[in-house]
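Here the protein sequences come in this chain order: A and B. Residue numbers 1 to 334, in our numbering, belong to the letters of the first sequence in order. Residue numbers 1001 to 1491, in our numbering, belong to the letters of the second sequence in order.
It should be emphasised that the hints constitute simulated quantities derived from the structure, not laboratory data. Nothing false has been slipped in among the hints.
Only pairs whose alpha carbons sit at most 27 angstroms apart, straight line, appear in this in silico DSS-like list of lysine-lysine:
hint: 1; chain 1: B; residue 1: Lys1378; chain 2: B; residue 2: Lys1321
hint: 2; chain 1: A; residue 1: Lys31; chain 2: A; residue 2: Lys121
hint: 3; chain 1: A; residue 1: Lys136; chain 2: B; residue 2: Lys1378
hint: 4; chain 1: A; residue 1: Lys121; chain 2: A; residue 2: Lys46
hint: 5; chain 1: B; residue 1: Lys1181; chain 2: B; residue 2: Lys1122
hint: 6; chain 1: A; residue 1: Lys136; chain 2: B; residue 2: Lys1321
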Amino acid sequence: MAKERIRLAHGNGGRWTRELVENIFLAAQGKDPEAAFADAASLDLKGGAWAFTCDGFVVSPPVFPGGTIGSLAIHGTCNDLAALGALPRFASASFILEEGLQGDLLEKIACDMAKAAKDAKIELATGDTKVVERGKGDQIFICMSGLGEIPGGRSLSPLRVRDGDAWLVSGPVGDHGAAILAARGDFALDVPILSDSANLSPLVEVILGAVPETRFIRDVTRGGLAQVIVEACRARGGGAILEEGEIPIREEVEGLCDILGFDPLHLACEGRLVVCVPAGSAQAALDAMRGHPLGSGAAHIGRATAGTEVILRTRVGGERLLDELEEDPVPRIC
Amino acid sequence: MERLVDAARPILILQMREGTDLAPEVGMGLPWVGAYLPTTAFHLKLMDSIGRAVVSTSGNASGEPILTSLDAGMARLHGIADGYLLHDRPILRGVDDSVVRFSGRHEIVLRRARGLAPLPVKAPFEVARILGVGGHQKVALALGMGDRVAVGPHIGDLESRQTFREFVRQAADLPLLLGGKPEAVACDLHPSYASSRWSRDLGLPLAEIQHHHAHIVAVMGEAGLDAGAHVLGIAWDGTGWGRDGRIWGGEFLRCGYGAFERLAAFLPFALLGGEKAAEEPRRVALALCHRASGRDIVSDVLGKVFDNKELQMLFKMLEGKSLESTAAGRLFDGFSCLILGCTHNRYEGEGPMRLEAACSSEAETFPPAEFIENFEPKEGEPEFWIDWRPWVRFVIERRGDRDVGRLAAGFHEAMAEAAWIAVERIRARREDIPLAAGGGCFQNARLVQAFRSRFPGLLLAQALPPNDGGLSYGQVLAGQAMLHRALQGGS
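Let the sequences and hints guide you as you build the complete structure.
Below, the structure written as structure tokens:
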């Protein structure tokens, strides 16, 4: 399999498909061939609230410093669930492969994905594979859905945010976006930038354990830190003030953004949380995050306000309005 | 000199004398200084007691509106001001000084504020109560009022939140002052200018006007051209959202009030790093050199102004897909780097200003620009491109030439000459219509001089600035033309 390329026949549902699924996907997950027979998985779900999410993964290049589209798909799905306070339990993965995709690349992605799922204790319960003609898909797309169990009493929502609440971030922002930019541009960097792709569910548990009254959690993804905060404020009908000097950004990410003309606040992350807690609980939340490897760079970056604007107080004392992402890079002052 | 003493008392840009004892930092290395006479009773008393000229600067932090309250002022200027001289009259409205310069006898209003605004500007046809919101920089509001358009004073750049707040306040204030809420709003086509976003949320009939079209319409309106008129508009500035996915700014447009056709533009070049390219003329120079002469020459010419890592990354960016521009203002930036070595703009327009300042009266003769027919124009592209590459090669060959003054002047003449040939080319294939010029590049007195000597009867901005301060007036007129059916012919 390793030396072959994906052919249209691998997606036709017959022998080729079966062999692909057995030799690549099931092998990576350590499952027996019988596991592939049913089209659906039968799940024994406990009563109570469950979180259900879906997400598509189309990252290019599919292998990047710090991860692959496979592990990213698992982490992203877990994070969507964790943002609701859910424990990720089950996932489905639908693969759209482009004719001509290298077999060993697919194998690498499948193994990476299986490992990420195992580490996250999320079961890949069911899946599907299709192949499209060369040129009709960019190597590999993965469409995920996920189910997570919400322990009783949890209700995380931007509507719970109150004026004066503290906004925190779990670590430096923009790493994933910068890693992808660097990989795409094939830039030789002095200090390599790795994607921050990670399953944040354990960190969420730590935060909710230390601060059960946490208002709202969201993982930072496309559109970056600015997008998450602007969206949350809009959902709530409130505003926020963020301190530029407090937002952690790695020097090498700043440097890359400087050359490329990107705003790190709008660069994607795949392993960072934005957390809103009552002001009095900010220190407890920070301590909890910093005690966990995924939150060692946590920082208190601002607070919720009564206005409608999301304001960034700059290092030189000025104030700038933060907006959601438009196109990038679209220069406003040029 | 009448301007210095007239009732408006604007700041007048004057040439500094040789051997002046004024500190060079005042003019930031340029040979010009802004001078004005006392404008208030308080100033008169102060100046009488000081008895000589003083250097002054406005009471605000960079990029923010002028401070109008004691507490805010003292807080914000902490660390900047050493002391405060106060009077006890509360300030209701902050107002900036107006700024004016001359190109020969031709007046160029750089900033229209105290003494010059909010005065009405005649409208060439009936306009409904349309609010024009300007662009993103040097924003001034305008409101249609029948046979006139009220144009408000300079507000500033909307990048700063305080300035945006002032914009919102004035946008509410101006219509109230002038008899009623707007019936419609006209904004820039740009997707993310703060003024455009604000306009889209109003729920009023909306006209989105292309940036450079608005510049030319403003000139047409001030010239009193009637509703059915057409001009050949030369719109040159540093930026403006274009319909072909590029940043425009070096445009030749056949304009009516309500629509335009893009006939010609400068050959597009990469904007490396988007906004960064505006802050660093060296990035424009890199893109121009690369396009004109290739990678090796670039390393040779610009190797010293980039470190190697940066240069390699920028080359990589040039190989990939980049945002492109046709902006004349960026060409001025690029040539300010190639001729004078300006690598970074400490303030907006520094490179081009220094290039203008460097001009000697004698100009080096540049090779003529070339013209490239665009046989299969994509959506939004012009009929032909104006190719600046011969100029780049010419200047590169002369690097090391110490007479930068002649090169600087030569570049200005080359730009005007290229405009002249382009206009001739257009007139050969189209009808003869009046010529109008607008946009921030026409703040450059040397360029204005080069244009006026080649184009007798050229229409230029008059009481309004040629820069983005004049946009809102143009937006109101264009908005009227575009929305007239929705507004049922105006008031």
